[in-house]
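Chains as they are written, first to last, in this note's numbering: chain A, 68 to 237; chain B, 14 to 300.
Among the clues, some could well be false.
[Said to hold, decoys possible] Ranges between beta-carbon positions, derived for each pair:
(1) B:His279 / A:Ile193: 32 to 42 Å
(2) B:Ala31 / A:Arg165: 44 to 54 Å
(3) B:Tyr280 / A:Trp86: 31 to 41 Å
These are computed hints drawn from the structure, not numbers from a lab. The C-beta atom is built at its ideal place from N, Cα and C for all residues, glycine as well.
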Amino acid sequence: MISQHDRILRDPSHLRLIWGSIIIAYFLTLLPWSGWALIIEPNWLLLVLIHWWLREPWRVGQSAGFLGGLMVDIAQTGILGVSALSFSIAGWLTIKFRTRMLAFSPVAQTPQILPILMGTRLVSIITEWLCQGGTPNWWVLIGSVSDFAVWIPVTLLLHQQDLRRSHSAP
Amino acid sequence: MSTREFFQRGPSPLVRLAFFCAFSLALIVLDTRYHSVGFIRAALNILIYPVEQAAHLPVYLFEQSAEFFSSQSELRASNERLNYQLIVFSERAAQSTSLEKELNELRKLNDLPSRSKLTSILAEVRHGGRNPYSAKLVLDRGSQAGLVEGQPVMDTEGLVGQITHVSPMSAEVTLVTEQNQQIPVRILRNGLRTLSEGDGSSGTLSLPFLPEGADIQTGDQIVTSGIDGTYPEGLPVALVTHIERSSSRVFARVTCTPVGGIGRGHYVLVLTPPKEVDSAKPGSAHD
Chain A
68 MISQHDRILR DPSHLRLIWG SIIIAYFLTL LPWSGWALII EPNWLLLVLI
118 HWWLREPWRV GQSAGFLGGL MVDIAQTGIL GVSALSFSIA GWLTIKFRTR
168 MLAFSPVAQT PQILPILMGT RLVSIITEWL CQGGTPNWWV LIGSVSDFAV
218 WIPVTLLLHQ QDLRRSHSAP
Chain B
14 MSTREFFQRG PSPLVRLAFF CAFSLALIVL DTRYHSVGFI RAALNILIYP
64 VEQAAHLPVY LFEQSAEFFS SQSELRASNE RLNYQLIVFS ERAAQSTSLE
114 KELNELRKLN DLPSRSKLTS ILAEVRHGGR NPYSAKLVLD RGSQAGLVEG
164 QPVMDTEGLV GQITHVSPMS AEVTLVTEQN QQIPVRILRN GLRTLSEGDG
214 SSGTLSLPFL PEGADIQTGD QIVTSGIDGT YPEGLPVALV THIERSSSRV
264 FARVTCTPVG GIGRGHYVLV LTPPKEVDSA KPGSAHD
């Protein structure tokens, strides 16, 4: 017998929401960001992935983090593997602490998400520094503030859409 | 709750993390040390090409509409400026042709091989690379248009950088101001040869191997020396803006500002040096 939860998971509209949100996040990453906008640009794809890691880790797993990171490396014309590494670590951390985080409301989860968002950027900065030498680009950490600001609307929007679809599921 | 959620199948999250970290690190090493993941980059670039084009469409439309609504006085001023430049450059081109002919005759008299002409491909800058760690340009031409890794790129003012990755429909240019980007140069005033090195995020270049007492002044023009065969000789690279000499150091600290329109120009020329570019892979300037 198929449970209500399984029915929702198998609902094509639910899958469409997951894939749609990931594609939109990647689309936003591909906009021609430059200069200061590049520094304060939120990690769109990571935010969406974190949302799905918290709620659907059996659908969006750690491999999605690795592949998503790889695609971000391609979009940013950076060293192949830097974002893949940081996103993989973010995926593991989110899935590890998801049960604890899900005990809180989406807004109350934010302070717990922030260290993951900052940690992801820190891993990227250190990896880039080890590969390129010179001075580490600490400015990239400023982007965590935008991540933090964008996280609440992103997670609330996706959560709301998810609920709406769950209610309309047969 | 379904069994799928309750019992975890497959490797544990920690094992998966170790696998993906090892894979990522392998990619990083292969990319930075051996430059051998170009095919992955090219394949993924083709995959994202349509999405990227769609993402650039709003900006492109905005720029087009801004151009459409530019005032008549602006267009007239621009036209006058271009006409003036045309006259100046026509005169220079005529002079250059006659000088070239003269030089080739002199070379022939001295049994020296005559210089072969540079060929170039015009390309449009699609975006600035979107990378917060390194300054790059992405061009709208790739291997399909005949671009290869190692080719120098210039704009109307001077040298902009060097092609470091090529995909079928795009190419990445690493700028002269980029960290570790070294170019064999000479000072135009006295012919003193040295290497220039990018300073990274500050957007400047330095001449790290000039002795403390070297003959260099603020305002000196730095051009490519053409000594490595990667960059043709005589391309303007930078202007010396700051010199710091100290008796306690062996080398002077020389800071230069690039003359190429780093981040300003819309069109660039990709040059094919007379020598085969196969030997001019990225980074070969300092190998």
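Tell me, in ascending order, the numbers of any earlier hints that this structure violates. 2
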